[in-house]
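These protein sequence lines map, in sequence, to chains E and H.
Oh and the first sequence: position 325 is 325 in our numbering, straight run, nothing missing.
Oh and the second sequence: position 132 is 978 in our numbering, straight run, nothing missing.
Treat the hints as calculated values from the structure; they're not laboratory data.
Beta carbons are placed, not taken as given, at the ideal position from N, Cα and C, and that holds for glycine.
One or more hints might be untrue.
[What the hints assert, rightly or not] Chain E residues, not near chain H, derived (Cβ > 10 Å throughout):
id	residue
1	Ala319
2	Gly474
3	Ala755
4	Gln762
5	Leu812
[Unchecked claim] Covered stretches of chain H, as calculated for chain E (at least 3 residues, CB under 8 Å):
id	region
6	862-872
7	963-973
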Amino acid sequence: MLRVAIKGILARKLRLAFTALAVVIGVAFMTGTLVLTDTINRTFDDLFATVYKGTDAVVRATGQFDAPQGMGAQRGRVPAWLLAKVERVPGAAEAEGDVLGYARIVARDGRPLGNPAYGAPTLGGSWSTVARLNPFTLVAGRPPQGLHEMVIDRKSARDGHLQTGDVTTVLTEAPPQKMRITGIVRFGSTDSPGGATVALFTLPVAQRLVAQPGMFDTISVVADKGVPQDVLASHIAKVLPAGYEAATGAQVVKETQSDVRKAMSFFTTFMVAFAVIALVVGGFIIFNTFSMTVAQRAREHALGASNRQVLGSVLLEAAAVGLVASAVGLGLGVGVAIGLKGLLAALGLAVPAGGVAFLPRAAAVSLLAGVGITVVPACSPARKASKVPPVAAMRDIVTGSSGYGSKERVAVGTVITCAGTSALLTGLFSGVPDKLAVVGPGALLVFFGVSVLGRSVSLPLSRFIGWPLPRLRGTTGQLARQNATRNPKRTAASASALMVGTGLVAFITIFASSTKASIDTTIDKSFTGDYIVASGAGLMGGLGPSLAGRLNRLPEVEVATGTRAGLVKVQGSVRRVLGLDAPAAFRLLDLRPLAGRPADLGANSIAVLEDVAEQDHLRLGSQVHVVFKDTGPRALRVAMIYGESQPAGDYVLGMAAYRANFAAGYDNEIFVKKSPAVSNTRALDAVNEVAAGYPGAKVLDRASYKAEQAKPVDQVLSLVYTLLGLTIVIALLGIANTLALSIFERTREIGVMRAVGMTRGQLRSSVRWESVMIALQGTVLGLAVGTFFGWALVRASAKQGIEQFSLPVADLAVIVALAALAGMVAAVLPGRRAAKLDVLKAVVTD
Amino acid sequence: MALATPQSLTTSVLAAQTVEAVKVYGKGQAEACALNGISIGFAKGQFSAIMGPSGSGKSTLLHCLAGLDRLTSGKAYIGGTDLSNLDDRQLTLLRRDSIGFVFQAFNLVPTLTAKENILLPLLLASRSGDPAWIDHIVSTVGLAHRLSHRPDELSGGQQQRVAVARALASRPEVIFADEPTGNLDSRSGTQLLSFLRTAVDQLGQTIIMVTHDPVAASHADRAIFLNDGQVVDEIAQPTPRLVLDRMNDFGK
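Isolated chain H, as found in the complex (with noise of 0.2 Å):
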């Protein structure tokens, strides 16, 4: 599969889509630039792994299309909305309503019981959400007798389902997933790799993951390459053997 121009597709069938991302840090002499006009996007009902070393911009690429990070320049787009346009406040509800988050650790409210955790996006809407879709949800990721509890009676693995059926809950456009098995171990990340790919295969949801994990990035349907702030290489169906191949790649 080559690579996708943004050009080439209409927004109906994008997710999410960079066009010309730049991403500096810093000033004068500290400058860093960490995206170097990188243009991708990514298909709606796709689970797209990003990967790369440390410091290829992998994590910086995942804030900016989520609505935490703001380019220096080029565009950042979920669905049809360009990212730039958009002042604090509705990014914040843009993130509510169209984006899912699963992040590497501390993903919950300590306060909140996991039924108020995967609600909090409907709740902080005032809407109720669909109680069926709810079900499902919880159902799927096998919560349902841990509902009532709270994070601190919770595992590493529970925590994090909560947090993918948190994501799930408000059907959003793009689910972003940062290193989310990244403090699990591998039985719990199996487990909440397959939930993610269940997601996507029988909700229709989209999921775009950066991990540095071979084997997380096999569950999804692309692995995209970053180094020093560019694309370099794209798997279609990836294995963790070609996966790992071409990571140790960049090692030479």
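Isolated chain E (complex conformation) (with noise of 0.2 Å):
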């Protein structure tokens, strides 16, 4: 007796650690999360709070509207002349134009720095003359003075091997320029604003390539001596004429700092999702190692403890685990966090050095959500130990609970899945304001009902999943499967946590793909094309327009023609419109006009989707109201009704409305169709030489487009599934657990087994078999889940141009089997330890 009570405690030692590690990479994962977004924001509040502590007042024209994800308020520019003007007002010492825009540099190997598609953004600006006013501070060399001088930051000089003396290639929306650099600067403490690349040339300079001749972004001021910012400000406020505000400093450091937490929200967002579903899935393992210790427990203490004895002891020692755990967690999440600050940096998103900021809101979080997720999941299994009488207990543990659960247990699953589904659905179809709100714990409440389910599913599909297995490998196949089946309960329990993971990785996997598909079909019939120049910009720069004009006169060019992007507000909410050469562009791309034509697109009109003319009720001539950033609210004219969502989007314009409305003007994409005499390699030749002058320019036909489309959803792909891997592993402990505990249970058969003759190697590959089965069944489960999940995000995509619902039978075919190789890892430790089981002990142990 003596020695199974040891044993016991030696077992529970290994599992207890299992069980611990599960919530401590849990708790690591959410305390990293939140500790990496205390020192963004922190590093950042202190970063803007300096560079901009000369300023004590700016000029700017008057926000228009409120761009989503930090890009803060859209404005337009301030005319030159009214810099003399804010001079002159009492108690401005000083004032200066700046402007910012878009430049991009040429590294020393003649690709262009940065990827502002995805990542931080690439800068262009003028350089202040005034001291206090401006937030860069050379390191090495002179400011810019000439027409082809310009300073860059550290972080584009070190990773374009870039240094003060060379001269590179600037590109904006004049055609490519050379610049000498004269010298290398540091935004504040940081080698570039948030990882952004920034050129900065002489004010002439740069309003001629990045903004406009005769106009400013802002006017900065600084005041006299003793004159508060907010004097000053109404001071200017005055002599301003309308629609042109004068801010404080403190104001517009407020607005930076704000802007740059929406801007890293979103990534929060997702991080603290992945935090919250490792905890989930420990929740699930938590679960299942108190529903097997507390029936040990019974048999162990069969007499002399009282009800609330067990109960007390059991919540107790998952507090305690919790605890611990979460401590563990807390320190391992700082490390966490300057991982993450590490992937953040690898994604071109620099976070400005500094130290880590452990704020006590990230630690009591954490622990809370540790001790939550290690007491609550316990209650359950308390619960039940201190109702079940210890015989039935000893009884569960030696024969294993067979069936298929009882009728309650089916009608709360179903009950709880129904919830899920109907959450998830609201979310996804009706215009729930913040839909990650209702989907995200509608997911989870599926995952929660199909886990309830798993139990009474879990025989017929154990037999089934394990059907092949005595055929593939005799005696110990069919153990395995006899020893899955034993408990259904428990295996299905098991494979709960798998099941999350998986899960989500056919869901991301099922949506990447769809995407994929969609992607190439729009190419295929909206494209009417040969190739297309790409310039790898967001919504602000890309290529200069001088590019489209040169391939427009190759002779072996019938039509080439550049598409442009810009935000505007329109029918109030805010949304990327198209520009486009109106009938140029209609050669080339099919949207499948419905109403109107192509030439009627001029100054004063706009293009409609189908969808969207129909729910907002317009017509031709119908009028639509639109805000932009450079030129106020305007009313457009609907001059024509198109049915192709991709990639036009909801609204277009003609190309003599985009001019008249943005102060911007680069080509996000030239679409070219050779000439129909000229063959395929001639063509493609000609647009290559010419795209050559202009570095970033990339010349892709048909294919590679699509290729390069897809490059993205790629992106995205591989982190969530390093970060899904990472519930996975969490999963893995679970099954490992799970085998460890029932070899332990059935010590007994393992010794019989051994002495009439099974060999290590035998017993090893039916302990590893039970294994890939319990998770195949989690990963099963995952698939029918996630292929829900797949299913309705991908309906309910439609109008985001995700049109087609495509199922990767040969990536979930991957997954499958990697899932069954998963599991033979989880059980090479188990399958060690029943290896090693003394075989006399176990065979005459009473």
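Take each chain as given, in its own frame, and dock them per the hints.
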């Protein structure tokens, strides 16, 4: 008896360590995310507070509308003549106009730096000659003076292997410019503002290249000694014409800080979601472990413990495990935060150097989450343990529970699953304002519901999954199959943890595959040209318009036309609109015009997607209210209605209307159709030759354009895979834990089998296949849930251009194979333990 | 019958034997000698009972002979095979192919049917065995109608009969039985012992049984008495009376 007790404690040590590890990982991830958020916020707060310290007031155009994702208020420019007025305002010591726009520095190797479409922006601006107003400080060289001089940020210098004295190309709205680097600058304490690349020119050069001559983006003002910021701002406001405003320096700092927070909040939400998933998976494991150990404990202390004592001791153990694991997780979380900072830097978003901000809030949230995720799942097993008579608990261990679970279980599981499903579908398909807040919990509920139901389908599912095992692996296979089916409750619970991970992997795989398939279809359907010249830019910047013009003049090219993008507020919501050269573009893009003619798209008109027109009751000639950042509110007339949502989106502007309302004039992409008389190779060579003069311009044919469009999907996919891999590791810990406990319980029969001739190899093999069966059960359920999620999201994203549901059978097969492999890995330690079992002791122990 | 000395017997007629078998448990002060130089042989086709008070070393002798435990010094043989030369895998295969086991309890694998339990050593060896032989065993132990049942659906006596059938299934060199009747009522016990007897008389098997029950021992061809790790006596054709008298001598 003593020996059994000691063995029990040893087994429990390992089990507690495994269980705790599941919590540790989740808490570490949660802490890491929170600490990183705090660190980012604090360092950026400090950074902007420092660099704008000398700015007392800022004159700018009134914001036209607020853009999402931290892009801040969208506003036009300030006429340069205002500077003289502002300078004369009482209390203003010095004032200076400045501009900031799009510019891309070409590295030594000829490739443009930065990834403006998906990373930090690439900026060009004016070098401030007023020291107090200049956020940049020279670390080498001198300020730009001539027409062909610039200073660049230290990060770009490092990444691009550039130094003072080098001449390199800068891409702007104007044709590519050769510029000499006269100096290297830092932004406050950092090498670059948030990882952006920065090229700074003299004010007139900056105006010409990245803005407009005669215009500033803002005017910054230094106050006379003793004049408070708000007094200065109110003095300035009095001299400003309508449409312009004066903000205090403090206000600008605050706005910038808040914009950075908003820009980062997407990343934070994303990471917190994964931390929650990791914790939930940990919760499944806690539930399963406590269910098993509570039964064992009932056997060990078959007599003499009151119900209340059992309940109390189990919850106490859970709380202790939770507390210790959370404390360890907290400590590791700081490391995770540093790792995540590296991840951000790899994505091109540099967080300024500086210490880690470990705030009490992060500690409190993580501790609470860690203890909660341990104690709450332990409640139900603890309560059950205090009710089940010990004798029943003993029987349960020897023969296992069988059958399909109670009717109540099926009912509860069905209700939870249905509730989750309806929340999910409501979130996806109805106009709920915060979709994630409805869809997320809905998805969680579906996982819970299916895990409850999993116990009822576990038996037939296991039999089905294990069907080939006896044929493949003989007696060991048969034993594995029987062991996996002998306690469906336990198998189902262990599988549930893995189900969450594989379900999400399947979901994201299906969604990505559908997205890529839809991209392909869209391109095939709507692009009727031959080549695309892509800029790699996002909303800001792109290809200088001279490129499209030069391509158009090539004899090998029948037509080349650029498309432009811009942010507007239309019918009350912020949208990206496409600007295109109406008659020419329609020879290359088939947007399926339904009413009106492309030629009608003039300076005061707009084209609307059929669905939007229907929804907003728009017809040809109806008025649409559009707010532009540069020109303010305008009423445009519907001149065309089209049916194809990709790549046009909901609204399209003709080039005349685009030019009239946007100050910037970059082409985002240039579509090219070759002349029919010319061979493909000749036309491509000609296009390539011209494009070579524009670093960053990528000439793509139809196939490589598809591949290029799919690239960001794959990037997101690999990031998500990495993060979900974590939850799968946690789930594997759970499976290993279950196996270890099962093996401990089966000591005697393992002894018998070893005595009558089962080799260690055979024993390990049977444990291995049992593990594979559990893993596959979780995977099959996960695939089912994931396919449903994927289908739902694809259907809900039809308007975003994801119109095709594609089931990537090969990818899903790989997931199944990997899950089986993972099951084998999880079985290694328990299998080794089982094989090391002392046969004699196992057989003769009473 | 005189004590058989291993040197005088060739291995060909011995199913199992030990030579100067010593087994010491623990170290230093806690050292305990379970086998103190035992040399003994077990002839083929013989049913032997090993008897002795608790701590006499009878179970240890059985475990060491059966390849479940290792001797500290000396040799143990199954047929002509020296167990001390075998690694874990070879020992396991020896147990599978050449040895049958009947333990006191927990003999069967709960997830397997009676039939599967009987065939377990053969299945583990990926052999089908001799169907006629298996049928014969099954009918001999009277289990033909219970073959598809799982152990928890069988009585204690039936479970032990399944264990005996399993031990016989691969026609092992020798069958070891460790208190096989210890957990059975007297009727089931007697039935089981008569099956063991039948296995020796009609099927030509060799059985070595550890027991402390004089009635059980009386079913054997010889009873060997151990005390303090040494063979102290032997009775041929034991009767319950003879055995009980001999046992009582230990108490003195």
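For each hint, the structure was consulted:
For alanine 319(E), the condition that its CB be more than 10 Å from all CB atoms of chain H holds, with the nearest at approximately 36 Å. Distance check for glycine 474(E) against chain H: the nearest CB is about 6 Å away, which does not clear 10 Å, and the non-interface claim fails. With a cut of 10 Å on Cβ distances, alanine 755(E) falls inside the contact zone with chain H, its closest approach being about 5 Å. Listed as a non-interface residue, glutamine 762(E) fails to keep its Cβ farther than 10 Å from every Cβ of chain H; the least gap is roughly 6 Å.
Separation of leucine 812(E) from chain H is adequate, the least Cβ-Cβ distance of about 32 Å exceeding the 10 Å criterion. With 0 residues having a beta carbon nearer than 8 Å to a beta carbon of chain E, the region 862-872 of chain H misses the requirement of three or more and the stated coverage is violated. Only residues whose C-beta sits within less than 8 Å of a C-beta in chain E count toward coverage, and the region 963-973 of chain H has 6 of them, enough to reach three; the restraint holds.
Checked against the numbered hints above, the structure violates hints 2, 3, 4, 6; every other hint is satisfied.
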